[in-house]
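Visitor: Each chain, written out:
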Amino acid sequence: MSCAEALKVQAYFDAELDALSALEVERHVEGCAACRALLEDLGKARTLIRRDAGSITAGAALRSRIGHALDGENGPAAAIQRAKPSMGRSWPFWLGALSGIGTAAIAAAFAWLLVLPHAGTGLLDSLLAAHINSLFPGHLIAVQSSDRHTVKPWFAGHADVSPIVADFSEQKFPLIGGRADYFAGQRVAVTVYQHGLHVINVFSWKRNTGLPLRDTTRSGYHLAFWSLGDVQYCAVSDLNWSELTQLERLIRSSGEQDYP
Amino acid sequence: MGDERSRFEAQVLPHLDAAYRFALALTRAPDDAADLVQEAILRAFRGFQGLKATEAKPWLLTIVRNCYFTARERQRRETALPLRDDCDEIPEDSLVAAGPDPERSSIQEEQQRALGRLLPRLPREQREALILREIEDMSYRDIAAVTRVPIGTVMSRLARARVALKELWIAEHGAADR
Numbered sequence: 000m001s002c003a004e005a006l007k008v009q010a011y012f013d014a015e016l017d018a019l020s021a022l023e024v025e026r027h028v029e030g031c032a033a034c035r036a037l038l039e040d041l042g043k044a045r046t047l048i049r050r051d052a053g054s055i056t057a058g059a060a061l062r063s064r065i066g067h068a069l070d071g072e073n074g075p076a077a078a079i080q081r082a083k084p085s086m087g088r089s090w091p092f093w094l095g096a097l098s099g100i101g102t103a104a105i106a107a108a109f110a111w112l113l114v115l116p117h118a119g120t121g122l123l124d125s126l127l128a129a130h131i132n133s134l135f136p137g138h139l140i141a142v143q144s145s146d147r148h149t150v151k152p153w154f155a156g157h158a159d160v161s162p163i164v165a166d167f168s169e170q171k172f173p174l175i176g177g178r179a180d181y182f183a184g185q186r187v188a189v190t191v192y193q194h195g196l197h198v199i200n201v202f203s204w205k206r207n208t209g210l211p212l213r214d215t216t217r218s219g220y221h222l223a224f225w226s227l228g229d230v231q232y233c234a235v236s237d238l239n240w241s242e243l244t245q246l247e248r249l250i251r252s253s254g255e256q257d258y259p
Numbered sequence: 000m001g002d003e004r005s006r007f008e009a010q011v012l013p014h015l016d017a018a019y020r021f022a023l024a025l026t027r028a029p030d031d032a033a034d035l036v037q038e039a040i041l042r043a044f045r046g047f048q049g050l051k052a053t054e055a056k057p058w059l060l061t062i063v064r065n066c067y068f069t070a071r072e073r074q075r076r077e078t079a080l081p082l083r084d085d086c087d088e089i090p091e092d093s094l095v096a097a098g099p100d101p102e103r104s105s106i107q108e109e110q111q112r113a114l115g116r117l118l119p120r121l122p123r124e125q126r127e128a129l130i131l132r133e134i135e136d137m138s139y140r141d142i143a144a145v146t147r148v149p150i151g152t153v154m155s156r157l158a159r160a161r162v163a164l165k166e167l168w169i170a171e172h173g174a175a176d177r
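In order, the protein sequence lines correspond to chains A and B.
For the first sequence, numbering that gives the first Met the number 0 gives the first residue as 0, with consecutive numbering after it.
For the second sequence, numbering that gives the first Met the number 0 gives the first residue as 0, with consecutive numbering after it.
Only chain A is shown next, with the shape it has when bound in the complex (with noise of 0.2 Å):
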């Protein structure tokens, strides 16, 4: 009854295709009843569909409810001034928790910094530089959130992958933002948590076909891979091994929760 080809006539009746394609599908239908159907078919239900729900709109009192929420908020402003410490008057909260880190750290961080370039320039180098980069005052965070529901949508438009993002403040891992890094020639999602004292970077980014890669300790980090689907993932920090697995663990079970 429905031909082989039904889903490339459907992604020509929605727009889908580029010209060239788009030619071969007029030909195939020419030729083929079933597709024709299908077409007038598709047509039909369009037209249908819009008269119908097109006219729906969120009315007045929504607006006005929504409108007098918003100006219960403080707003983005208050958001931006804390990602932004250098531009703001006050420093962001998540650096307050850092502080016990201390400067000693950040030094040693900016040693590391300096001599990675000379260290290769393989992934393992990247993760590690990026995540000691990160430990720089302004660097951690660019969305800065413990909602996931903030986080999450916000990679879309900023990195390549659509990674696990959840909150796990209950187990004592809370959510503290993301960012995105440049490496591996991807914009690699970064959910940031934290542990203590300790900062926990997980990368991820689209996992290629290359050899598996193993958990391992450079410099005084621990990198813990794992993959979900086609998305790889890399936990860095300085956490001791089973609290960084505990992390894994977590995200994973999470991940195993959302995406069935």
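Since the hints were made in silico from the structure, they are not lab data.
All figures in this text were calculated on a predicted structure; none of them were measured in a lab.
Be careful, since some hints might not be right.
Here are the simulated DSSO-like pairs of lysine-lysine, each with C-alpha atoms no more than 30 Å apart in a straight line [claimed, not checked]:
#	chain 1	residue 1	chain 2	residue 2
1	B	Lys-165	A	Lys-205
2	A	Lys-205	A	Lys-7
3	B	Lys-165	A	Lys-43
4	A	Lys-171	A	Lys-205
On the chain B side, residues computed to face chain A include the following (Cβ under 10 Å) [claimed, not checked]:
#	residue
5	Val-36
6	Leu-59
7	Gln-74
8	Ala-158
9	Val-162
Short, incomplete list of chain A residues facing chain B, as computed with Cβ under 7 Å [what the hints assert, rightly or not]:
#	residue
10	Ala-36
11	Asp-40
12	Gly-42
13	Glu-72
The beta carbon of each residue, even a glycine, is placed where N, CA and C say it ideally should be.
Here the structure of chain A is known, so what remains is to put chain B in place on it, guided by the hints.
Guide: Structure of chain B alone, referenced to chain A:
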């Protein structure tokens, strides 16, 4: 702050109707949809920064959808009642009651009632794909981003939704009408 608010209103609030229609497709109940949209808008406002204008719509709809699943999860934990999504009892006219508009003619109302009965009967995955494509005119790519599935899945969901809608329509109106 005033600047941010007006920037937000200029970039995100034009998509309020889209957010509401999408919320309605998810919840199938006007009151729930309104609550969902309000929550999503507030979350969007809190996270609104450095957003490109072209990204605003899929971004907002993604937040609506995330809020929907969070609310559902909360509901599941707090009550032992079956969820709307899991049961077949669909509120009659759920799409129609959405926006009471005195200017709407009775013929239009009749048509809306027809679709209001049909669309909510589709599974959620099909409803959302269909609404995003046909009403919001979104590309497969954007639909895939909002609903967090590969483009191939979007295509097969759309195809199934369209077939299912046709069958429901024929069951109700007979084949001759089509």
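Visitor: State for each hint whether it applies.
Guide: Checked hints:
1. B/Lys-165 / A/Lys-205: violated, 38 Å
2. A/Lys-205 / A/Lys-7: Answer holds: A/Lys-205 to A/Lys-7 is near 27 Å, not above 30 Å.
3. B/Lys-165 / A/Lys-43: At roughly 9 Å apart (the allowed maximum being 30 Å), A/Lys-43 and B/Lys-165 satisfy the hint.
4. A/Lys-171 / A/Lys-205: holds, 28 Å
5. Val-36: holds, 7 Å
6. Leu-59: This hint holds: B/Leu-59 lies near chain A, its Cβ roughly 8 Å from the closest one there, short of 10 Å.
7. Gln-74: violated, 16 Å
8. Ala-158: holds, 6 Å
9. Val-162: holds, 8 Å
10. Ala-36: Violated, about 11 Å.
11. Asp-40: This hint holds: A/Asp-40 lies near chain B, its Cβ roughly 6 Å from the closest one there, short of 7 Å.
12. Gly-42: Violated: closest Cβ of chain B sits about 11 Å from A/Gly-42, beyond 7 Å.
13. Glu-72: A/Glu-72 check passes; min Cβ-Cβ to chain B is 6 Å, inside 7 Å.
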